[in-house]
Amino acid sequence: MPAKKRTVRIGNWYKSDDEKVHFIRKRKAPRPSKLRKIVPGQVLILLSGRFQGKRVVFLKQLKSGLLLVTGPFKINGVPLKRVNSAYVIPTSTKVDVTGVNATQIDDDYFKRTQAQRRKNEQGFWAKRGELTAEQQATEKTRLEGKRNTQKSVDAALITAIKKTQLLKQYLGARFTIGKTTRPHELVF
Amino acid sequence: MVLTKFVEVGRVVKINYGPQEGRLATIVEILNDKRVLIDGPTTGVQRQVIPIRRLTLTKFNLKGATRGARTGVITKAIKKSDPFAQYAQTLAAKKVAKKVLRAKLNDFDRFRVMILRKRRSALLSTQLKTLKKSTGGKAQAQAKGGNKKK
Numbered sequence: 001m002p003a004k005k006r007t008v009r010i011g012n013w014y015k016s017d018d019e020k021v022h023f024i025r026k027r028k029a030p031r032p033s034k035l036r037k038i039v040p041g042q043v044l045i046l047l048s049g050r051f052q053g054k055r056v057v058f059l060k061q062l063k064s065g066l067l068l069v070t071g072p073f074k075i076n077g078v079p080l081k082r083v084n085s086a087y088v089i090p091t092s093t094k095v096d097v098t099g100v101n102a103t104q105i106d107d108d109y110f111k112r113t114q115a116q117r118r119k120n121e122q123g124f125w126a127k128r129g130e131l132t133a134e135q136q137a138t139e140k141t142r143l144e145g146k147r148n149t150q151k152s153v154d155a156a157l158i159t160a161i162k163k164t165q166l167l168k169q170y171l172g173a174r175f176t177i178g179k180t181t182r183p184h185e186l187v188f
Numbered sequence: 001m002v003l004t005k006f007v008e009v010g011r012v013v014k015i016n017y018g019p020q021e022g023r024l025a026t027i028v029e030i031l032n033d034k035r036v037l038i039d040g041p042t043t044g045v046q047r048q049v050i051p052i053r054r055l056t057l058t059k060f061n062l063k064g065a066t067r068g069a070r071t072g073v074i075t076k077a078i079k080k081s082d083p084f085a086q087y088a089q090t091l092a093a094k095k096v097a098k099k100v101l102r103a104k105l106n107d108f109d110r111f112r113v114m115i116l117r118k119r120r121s122a123l124l125s126t127q128l129k130t131l132k133k134s135t136g137g138k139a140q141a142q143a144k145g146g147n148k149k150k
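Residue numbers (UniProt numbering), protein chains in the order written: chain A, 1 to 188; chain B, 1 to 150.
Chain B with its partners taken away, still in its complex shape:
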């Protein structure tokens, strides 16, 4: 298996343990085989030394990050090409965002979601039925319908 994600200067990482859990940062310097210096000025991560064990490597790199770069340099590089925004487009990030949104729903929101889900499944089932009828009932109907919701 070819390794593609490396611990290197500029690698965007996600902190998966500790008080900063869930936040993104960039690797600024590698100290030894177990610790790195990370910094995330736009994501609220203070410049700090952290064990690699607490990180998850993402496939994104911050272009323009040099070894030992100071926070100002990192911020400038992020302004030029924002890898954190790219990360937010990934499926994993979207799943996390969905979870966060769902936790915030209030009682009325939860009721609305329930009603909309019921409506969507009703629409899907009617679509499926008509498709089955029209294709003689054998086809694997991919019914698409309803509106996207939370």
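Chain A on its own, in the form it takes in the complex:
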């Protein structure tokens, strides 16, 4: 039997013990997580964050894998928002979203702007977080644009929601657990 050829190259550089290797993310692009049977128009219950317990309407899954949801804002104060599907309970209630146009909203919509990060371009002595007049103006127009997008997306939704009795109140209420509720027995 011929001797096994050595296929591993032994280099002449060995790492020292104190050299810490940072975690290098091999996958650069985010992989969208597989949606577990969540359908556009479905009412979801948010489980964490500022809006925990709120019932929101699911619009679509973004490229990053996060779910795009909206309150609608007028009904329960939840804006267009990205949400991790792991922190969500899908209910069996569905809203008709055929008139809703959320195609132009993607992950870039939620990207933080320079002004948001309060990058200070005025120099060392300027107060931290203060925006220049130009930055303030762009911020204003940006927020106006966001408000308009919110309104346009919600308009069709709200008309669809109004068709079902008590659905508006349902979305306005929070999901709570009392002393006698058994979450593992609840049907959502």
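Each hint should be verified, as a subset may be incorrect.
Claimed, not checked - Which chain B residues stay away from chain A? Per the calculated CB distances, all over 10 angstroms, these:
{"#": "1", "residue": "Leu3"}
{"#": "2", "residue": "Asn16"}
{"#": "3", "residue": "Arg47"}
{"#": "4", "residue": "Ile50"}
{"#": "5", "residue": "Arg53"}
{"#": "6", "residue": "Leu55"}
{"#": "7", "residue": "Val73"}
{"#": "8", "residue": "Leu91"}
{"#": "9", "residue": "Lys98"}
{"#": "10", "residue": "Asn106"}
{"#": "11", "residue": "Ile115"}
{"#": "12", "residue": "Gln127"}
Said to hold, decoys possible - Label pairs and their calculated CB-CB ranges:
{"#": "13", "chain 1": "B", "residue 1": "Lys132", "chain 2": "A", "residue 2": "Glu185", "range": "38 to 44 angstroms"}
{"#": "14", "chain 1": "A", "residue 1": "Val187", "chain 2": "B", "residue 2": "Ala92", "range": "21 to 27 angstroms"}
{"#": "15", "chain 1": "A", "residue 1": "Ala173", "chain 2": "B", "residue 2": "Leu128", "range": "40 to 46 angstroms"}
{"#": "16", "chain 1": "A", "residue 1": "Ala86", "chain 2": "B", "residue 2": "Ala85", "range": "44 to 50 angstroms"}
{"#": "17", "chain 1": "A", "residue 1": "Gln165", "chain 2": "B", "residue 2": "Lys104", "range": "33 to 39 angstroms"}
{"#": "18", "chain 1": "A", "residue 1": "Glu185", "chain 2": "B", "residue 2": "Val2", "range": "38 to 44 angstroms"}
{"#": "19", "chain 1": "B", "residue 1": "Ser121", "chain 2": "A", "residue 2": "Lys151", "range": "33 to 39 angstroms"}
{"#": "20", "chain 1": "A", "residue 1": "Ile24", "chain 2": "B", "residue 2": "Leu101", "range": "52 to 58 angstroms"}
{"#": "21", "chain 1": "B", "residue 1": "Ile115", "chain 2": "A", "residue 2": "Val21", "range": "35 to 41 angstroms"}
{"#": "22", "chain 1": "A", "residue 1": "Ser48", "chain 2": "B", "residue 2": "Gln89", "range": "45 to 51 angstroms"}
{"#": "23", "chain 1": "B", "residue 1": "Arg47", "chain 2": "A", "residue 2": "Arg82", "range": "54 to 60 angstroms"}
{"#": "24", "chain 1": "A", "residue 1": "Glu185", "chain 2": "B", "residue 2": "Ala92", "range": "20 to 26 angstroms"}
{"#": "25", "chain 1": "B", "residue 1": "Val96", "chain 2": "A", "residue 2": "Ser92", "range": "21 to 27 angstroms"}
The hints are simulated quantities; they were obtained by calculation from the structure and are not laboratory data. Here a beta-carbon is modelled for each residue, glycine too, at the ideal position from N, C-alpha and C.
Start from chain A and add chain B according to the hints.
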């Protein structure tokens, strides 16, 4: 105390233990003091021997059931007079049905029930108040109002 429910051929029984728990069947044959042969072709109970301990006797009887009758005969007798439908009208059966329905409610249904209950109690309390006023406040007002719900 006079005994009215007997273990007899044709007695409608409810199975209260085992994989068939909650289903109805009829007694077809009595084997000994502890076991009977039951059959429930319309309620999904296979013809089987079962200890009486696992049964609850109902007050209904299947007319036309003879001792040792085969499943076909039993089915014919049920078609003529359905005691299972009569049982479904009883309070006990309705309570069970209510429980089953409540377990199936989804989140939106539960919300609606809560709102309707609140509305009903509000209606009842206003009715009660007006009745109390009109009868001088002493009467035991039986206020009836609101809509029936789950």
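These are the hints, each one checked on the structure:
1. Leu3: 39 angstroms, holds
2. Asn16: With a cut-off of 10 angstroms, B:Asn16 remains clear of chain A, as the shortest Cβ separation is near 21 angstroms.
3. Arg47: Holds, since 34 angstroms exceeds 10 angstroms.
4. Ile50: 29 angstroms, holds
5. Arg53: 29 angstroms, holds
6. Leu55: Holds: least Cβ distance 28 angstroms, greater than 10 angstroms.
7. Val73: 41 angstroms, holds
8. Leu91: The assertion about B:Leu91 holds, with a minimum of 24 angstroms to chain A.
9. Lys98: Correct as stated: the minimum Cβ-Cβ distance to chain A is 16 angstroms, above 10 angstroms.
10. Asn106: Contrary to the label, B:Asn106 does not stay out of reach of chain A, its closest Cβ about 5 angstroms off (not over 10 angstroms).
11. Ile115: For B:Ile115, whose nearest Cβ neighbour in chain A is about 6 angstroms away, the distance does not exceed 10 angstroms, so it is violated.
12. Gln127: Nearest chain A Cβ is 23 angstroms from B:Gln127, so the label holds.
13. B:Lys132 <-> A:Glu185: 38 to 44 angstroms: Taking Cβ atoms as reference, B:Lys132 and A:Glu185 lie about 40 angstroms apart, which means the hint holds.
14. A:Val187 <-> B:Ala92: 21 to 27 angstroms: Hint holds: Cβ distance 24 angstroms, inside 21 to 27 angstroms.
15. A:Ala173 <-> B:Leu128: 40 to 46 angstroms: 28 angstroms, violated
16. A:Ala86 <-> B:Ala85: 44 to 50 angstroms: Distance hint for A:Ala86, B:Ala85 holds at roughly 48 angstroms.
17. A:Gln165 <-> B:Lys104: 33 to 39 angstroms: Since the Cβ atoms of A:Gln165 and B:Lys104 sit about 20 angstroms apart, the hinted range of 33 to 39 angstroms is violated.
18. A:Glu185 <-> B:Val2: 38 to 44 angstroms: At 42 angstroms between Cβs, range holds.
19. B:Ser121 <-> A:Lys151: 33 to 39 angstroms: At 38 angstroms between Cβs, range holds.
20. A:Ile24 <-> B:Leu101: 52 to 58 angstroms: 56 angstroms, holds
21. B:Ile115 <-> A:Val21: 35 to 41 angstroms: 58 angstroms, violated
22. A:Ser48 <-> B:Gln89: 45 to 51 angstroms: This hint holds: roughly 48 angstroms between Cβ atoms.
23. B:Arg47 <-> A:Arg82: 54 to 60 angstroms: 59 angstroms, holds
24. A:Glu185 <-> B:Ala92: 20 to 26 angstroms: 23 angstroms, holds
25. B:Val96 <-> A:Ser92: 21 to 27 angstroms: 24 angstroms, holds
Hint compliance for this structure: hints 10, 11, 15, 17 and 21 are not met, and every other hint is.
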